[in-house]
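Based on these hints, arrange chains U and Y on the given structure of chain R.
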Amino acid sequence: MLGYVARRVGVALVVVLLVLIFLSVLVHLLPGNPVTLMLGPRADPALAADARRQMDLDSSVPAQVWHFVSGVARGDLGQDFLTKRPVAGLIGAALPHTLILAGVSLVLAVLIAIPLAVVSAARPGSALDRFLGTVSVGVISIPSYVIGMLLLLLATVWLGWLPAIGTGSLADPGDYLAHLVLPALSLALIWAGYLARLLRSSMLEVLGENHVRAARAYGVPEWRIYYQLALRNAIPGVVALIGVALGDLMGSAIFIEVIFTRNGLGTLLYNAITERDYPIVRGGVVVIAVLFVLANLIADLANRVIDPRLREEVAR
Amino acid sequence: MAAAEPAVRISDLSVTYRIDGRPRTALHGVSLTVADGEILGIVGESGCGKSTLAGAVLRLLPPGGAVSGGGVTVAGDDVYALGGDALRRFRGGRAAMIFQDPFTSLNPSFTVGWQLGLVQRVHDPGASRARRRSRALDVLGEVGLPDPAAVLRAYPYQLSGGQRQRVMIAFALLLRPPVLIADEPTSALDVTTQAQILALLRRLRDEHGTTILFVSHDLGSVARLCDRVAVMYAGRVVETADVAELFAAPKHPYTRALLGAVPSWRRRAEELVTIPGRPPGLTARVDGCAFAARCPHAGPACVAAEPPLVRLGDRTVRCVLHEETA
Amino acid sequence: MTAIAVRRGVRVPGFGLLRRVAATPSGVFGLAVVVLLLVVAVLGPAITPHDPNRLDIDHRLEGPSTTYWLGTDNLGRDLLSRLMMGARIALEIAVPAVAIGVVAGLLLGLAAGYLGGRTDTVVVTVLDAIQSFPAVVLALAVLSLLGNSRTGVVLVIAAAFVPSFGRVTRASVQSVGRRPFVDAERNLGAGTTRIVGVHVLPNVVSPLIVLTAMNLPSAVAVESGLAFLGLGVQPPTPDWGVVLSDGFDRIRDSPWPVLFTCAALAITTLGFTFLGERLRDVLDVRTGEVR
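Protein chains in written order, with the numbering used here: chain R, 1 to 316; chain U, 1 to 326; chain Y, 1 to 291.
The following block holds chain R by itself, in its conformation from the complex (with noise of 0.2 Å):
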């Protein structure tokens, strides 16, 4: 088991290098300038010069690299080009809003994917069933900012529900909470409508398997059968998948906000996007590769400890 672990944090260690390398050579991959790259054509002369300083474009290509992979080892992202603040400094402000955002999402596709899986298994091809895999199937497939747009615009501008737009804060916090609800469900929709999917599946598999059978032999009551037996061998397959889940959100919450005018790093990245502001487009990418990446590892892990048949597997 230990080895186990640290042949995976070993893996999880080179691929976040392998990004960094890539990220700090990507301006030379291109082809052009590199300052016209970033800054484009008509770029203010002084602000160019300014940027192959705080690039480090002087430096060869392998001190580039050594100083910015050292960089981040010690936390430090740069500094944005045109406030010359640090780049950490404005992620770390803007991170746990997007955590925060990515996080309920999940939790509440979890909550909306169980119900409906457990409803699709007990009865499956049912009139039921079927109609719940079209629609997770229909929300799957639209893009998460389709649906973000669509709530908003259901409720703003026709319901004048809810404080749709802007982020609240975090010292009230049902204010806060209020503001979250309609960025939240819209990024949890797809994954409920994944999760549900896959939970039920999983589940039809368990359901079948002689054990379910046994425990109907003694007595064991169905909703029991259905909510605590057959939901806790399909749980695994879900925490598998939690890291995949947790990056793609990640990614998809750059949109989110943008439509709900929330702050955090999507907000953070788009606004440095339009205003041509590399190192802050640089250091979120790295910041979303390397908790992509963590939460991968976190979610492999875990599932080691929770399903005690890989357990079963390392034991041998």
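Hints may contain errors.
Said to hold, decoys possible - Pairwise CB distance ranges, derived in the manner of DEER restraints: (1) Y:Val196 x U:Val303: 58 to 64 Å; (2) Y:Val39 x R:Ile165: 37 to 43 Å; (3) Y:Leu18 x R:Leu170: 53 to 59 Å; (4) U:Ala130 x Y:Ala129: 54 to 60 Å; (5) Y:Pro235 x U:Gly21: 54 to 60 Å; (6) U:Asp12 x R:Leu128: 35 to 41 Å.
No wet-lab data here; the hints were simulated from the structure.
Using N, Cα and C, we set each Cβ at its ideal position, and we do this for glycine too.
Here is chains U and Y on its own, set in the frame of chain R:
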């Protein structure tokens, strides 16, 4: 009180599976009674309806299966008339099943202790934690597990096949049900463990008067454990008799073929059964005797109409030739 | 994270395919949407009711009318014409992106599955590394430098799709390679080209068709999303993402542009997805796809 009801009475039970929308009959009017404290063996080739019969006693048919005639009573109560709650209390409480495959019949995601506790909580919500635990430890000890406390903490994968089968039996004993249905409880185990499990079942009957339906294709186990035997073929009972009588003087040609295929009781039937031909499938339409097609003695009378189950003293046989072959 | 296995031997899609796809309501819906989209995209400017870039200052942000069926945007441009042109742009980006993804994935998958050994390890590691980036984030990193490059968008989306196609191909090659008749032929001296052409490729076709149908809507979604953020296709080109962004800026004045653009995106992605699901059932391909 009037004449005591038998522990289990199966009367004219028919079970039909719906496969691809079409009915397929798996049990054709099976009637059997099991007296209090009796161990009845049910034998036959795979696919003859043994496991369906075992499940039907607990009203536990696989999806698509349904009783299409007759019924089952346990201690006089109609199993198929029990309401939801009463049925749940009945299952495990008054009749319990020991399953065939110890490797898949325990939930892999929970410890043995948790799973035993769940069954106890369901049947006796008022019991204290300590009482549940001591009962679980008792039962695990009773089935011959040397370190019950360790087994309680274990996940199924941490136990050997024999240990898991003992745990399965512990589940069945947990609530002290007067009736046990053992569906091929030893077929997945090695010979030594098999013998220990059989001894355990016999002791249960001897000490607690438990009634046992012992389903098996292993004639050796049946000969050692059972009081009486019912032989099944193609969803029908073809012969019942006291175990010694059946092995000494089988009446039905199918029984003789089964026994003939087992020169030694100590060997496993499945390795040696060499009756030519195969039993009719669920779809086949059988007019006369179901065994006629494979029977060396079959004559015109055999295909004309299905022979009735004829009572001969305290045994029964379903064969037109029973007098000649007796 | 895609695992596709062909269940029943080789089955190359034939002429009866369309009829079987159209045997269910969702199949009909998928086919209809995709055909409509193709017709609109191909005929493009010839059938739009108005010039998609013509301004009509007197009729800005109007709702649907007999002149402007879906209404007009903030500059008085006809929304229907812009969305019709948008369909063409969406496919102009999504189709080459997916095509490049298929070809690159096919080659990498063939190399990994057929050669095995170290090649296999390297290819799988590279595919894993690409997948360790969410597609949108990879696109952000590259496009924030490239800005309005349409080629850049195509290449970035293609790169994001290579892993799924690569894995499918690799899995198919491995499953074919283990079959006895392939070994037998190899022993008889059949060349690599023959084995790949006769046994491997036909097996890969079905899963790749399904995966293509499933990935096209993702390509459209990513492309429009990037344009919405101001990356890739730029205004005034009537890309759906651009139209959405224009509409979003004035959402309080008129909900119609946002509503109809969202409808176009939703119907397109739904159509391709239902078609893909139907194809998967008809072609009997098992997917264990995890986006």
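Exercise for the section: May I ask which of the numbered hints given earlier this structure violates, with the numbers listed in increasing order? Expected result: none
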